[in-house]
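Enquirer: Read off the chains here:
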Amino acid sequence: MHPAPTPHLDVATPERVALTLPVAGIGYRCLAWLVDASLLFFFWLVAYFVFTLLVSDVLGVLQGLSGVAQTLLVVGVFATQWLYWTVSEVLFHGQTVGKRALGIRVVRVDGSPVGVYESAVRNLCRAVDFLPMLYAAACVSMLLTRQHRRLGDVLAGTLLVREERIDLDKYAAAPAAATPIAQAHAQAAGARPLAPEDVELVLSFLARAPGLAPEVRQRLGARLVERVGPPDAEARAAVLASTESTEAFLRARVVQGER
Amino acid sequence: MAIPLPAYVARRRADWDALQALLARQRSGTLKLDALRTLDTLYRRASADLAHAQTFYPGTDVHRFLNQLCGQAYAAIYQPPRERWPAVRDFFRREFPATLRRERGFVGASAALFLLGILLGAVVVLWEPRGAELLVPSGVRHYVAQGRMWTDDILSVAPPNSVASGIATNNLTVTIVTFAMGITLGLGTLFMLVNNGVHIGAIAALCAREGMLGGLLDFIAAHGPVELSIIVIAGGAGLMVGQALIDPGELPRGQALALRGREAVKLVLGCAPFLGLIGVVEGYVSPGDLFPTWVKAGLGIALGALFWGYLLRAGRTDAEATDMPADSAS
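Protein chains in written order, with the numbering used here: chain A, 1 to 259; chain B, 1001 to 1330.
Hints were generated in silico from the structure; no laboratory data involved.
Note that the structure is predicted; figures quoted are calculated from it, not measured.
Idealized CB from N, CA, C, for every residue including glycine.
A portion of the hints provided could be inaccurate.
[As the list claims (entries may be wrong)] These stretches of chain A come out as covered by chain B in the derived footprint (C-beta under 8 Å, 3 or more residues):
| no. | stretch |
| --- | --- |
| 1 | 9 to 15 |
| 2 | 19 to 33 |
| 3 | 112 to 124 |
| 4 | 165 to 171 |
| 5 | 198 to 211 |
[Stated by the list, open to error] Non-contacting residues of chain B with respect to chain A, defined by C-beta distances greater than 12 Å in every case (computed):
| no. | residue |
| --- | --- |
| 6 | Lys1266 |
| 7 | Gly1304 |
| 8 | Trp1308 |
| 9 | Leu1312 |
Full structure from sequences and hints, please.
Expert: Shown next as structure tokens:
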């Protein structure tokens, strides 16, 4: 396996399979925070405008409110600052709205979901992570730690993992159309089976081919044929006659079994 | 022998899609028992597929897909116990006070630091009157110079209920910061404790010099005991974190920190509702002349005694009672 380009969280499961989850870096985390922060900001903005639309004398109404209502109002403002994070992380399996939008999730260092205590620790620590301004301490900590954890994550034993959208349809598209001629060529070329990397490469090309400019499509196809194609020049020329025949050959080549 | 990747995907994909659908239902909480059994079976199959992909198709999208799928299923199956209302009840009935008793060394150290701050502030202002210019906020000094309590005005500019909620949230912030500062090797917590102590001590000394100590005591008598206790407890939680950083013992530093952080946050979470309640007292009872001083003092002492009685007695087991003296060294 090639060396991992990004930091990973390795989890050993009881099923004796090692999971390797990609860790979300500083960029994802800042973006997720921006989404959450603007959500909270717009929530209060809208609440304020609706309120001023409904009543003309804002100050008078505020002073006329009953004690309970006023207390609720102030506590509500406070709650969005501190409780929003913990409540949504506990209820939505480690995701706030911003984290969901970015496809990242809070997990414990062993890969299990966060509980109330962990979430409370990491979110209470925002008080320190925010210092001296705009999460500067958190950013320094994320740059210095291997798995991009801010101080609150270090204290809570949590980190953020990334969830990618992986499309498996490209594998299904390949075997659909394999013409007899292409198959014959592939048979001729198929002395050695393709390595998984080559299969992946060819499939990615086939998935992207319809969107490529004609000359680029031809050039890339030719290079792939050179890599996986028949050894003798004559068969190769036949395969390279047109883009259709090239891609039909590649399609037939990837589905070809190991004898 | 490995079969070609597309054929492998075509053969196994139905199971993976089924597992994904079940995981989506598990997240939305509409999973039935028999579906749960299917989920378990499918997860084991996907694990086997992942092992297969790790060997034969490393670095491909299928490998990454299975990795992620198994990661989500793993998180769904190996869940920590869910905290629900019975857990909340149990937390306040047993766990919070028990944690506090177990960590009483840290709470004691925190209290000592706080008292040290108070003494320091008081001594400085009593010895060198101009020290008050340094240690007491100018707004407070202004009021004291005019011979009035600054707290009298809290009531006249805003109705008592908004004062109560404002005070409660402010105290919550102080409590949170005092705890969270523990991550700075406990130095931040130390600073917060001593600094708050110095402020209180300096203000008390200034009031005493101006002959207003009675007024100050009148104001803080009702809420002071509980409120200061809570700040001290949060300080203890911060010191726990700092200690885990400095001396992690036999564990790696990261693990020790996570373990102690979990314990420490219990102290802070447990204090939060009491802080809210005492904020109400501070807003309604403490300012002004609505209640005579002896009522305020009586209330304050009673609340403090109740609070500490709860912390020291609630959910206490016989085993804990007997080994109480033995493990006091920890």
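Enquirer: None of the hints should be skipped; say for each whether it holds.
Expert: Cross-check of the supplied hints:
Residues of the stretch 9 to 15 of chain A with a Cβ under 8 Å from some Cβ of chain B number 4, which satisfies the need for three, so the listed coverage holds. Given as covered by chain B, the stretch 19 to 33 of chain A passes the check, having 3 residues with a CB less than 8 Å from a CB of that chain where 3 are the minimum. A stretch counts as covered by a chain when three or more of its residues have a beta carbon under 8 Å from one of that chain; for the stretch 112 to 124 of chain A and chain B the count is 9, and the coverage holds. A stretch counts as covered by a chain when three or more of its residues have a beta carbon under 8 Å from one of that chain; for the stretch 165 to 171 of chain A and chain B the count is 5, and the coverage holds.
Only when three residues or more bring their CB closer than 8 Å to a CB of chain B does the claim for the stretch 198 to 211 of chain A stand; here the count is 3, and the claim holds. With a least CB separation of 7 Å from chain A, lysine 1266 of chain B falls inside the 12 Å interface cut-off, contrary to its annotation. Non-interface status of glycine 1304 of chain B relative to chain A is upheld: no Cβ of that chain comes within 12 Å, the nearest being about 23 Å off. No beta-carbon of chain A comes within 12 Å of the beta-carbon of tryptophan 1308 of chain B; the shortest separation is about 24 Å.
Every C-beta of chain A lies more than 12 Å from that of leucine 1312 of chain B, the closest at about 23 Å, which supports listing it as non-interface.
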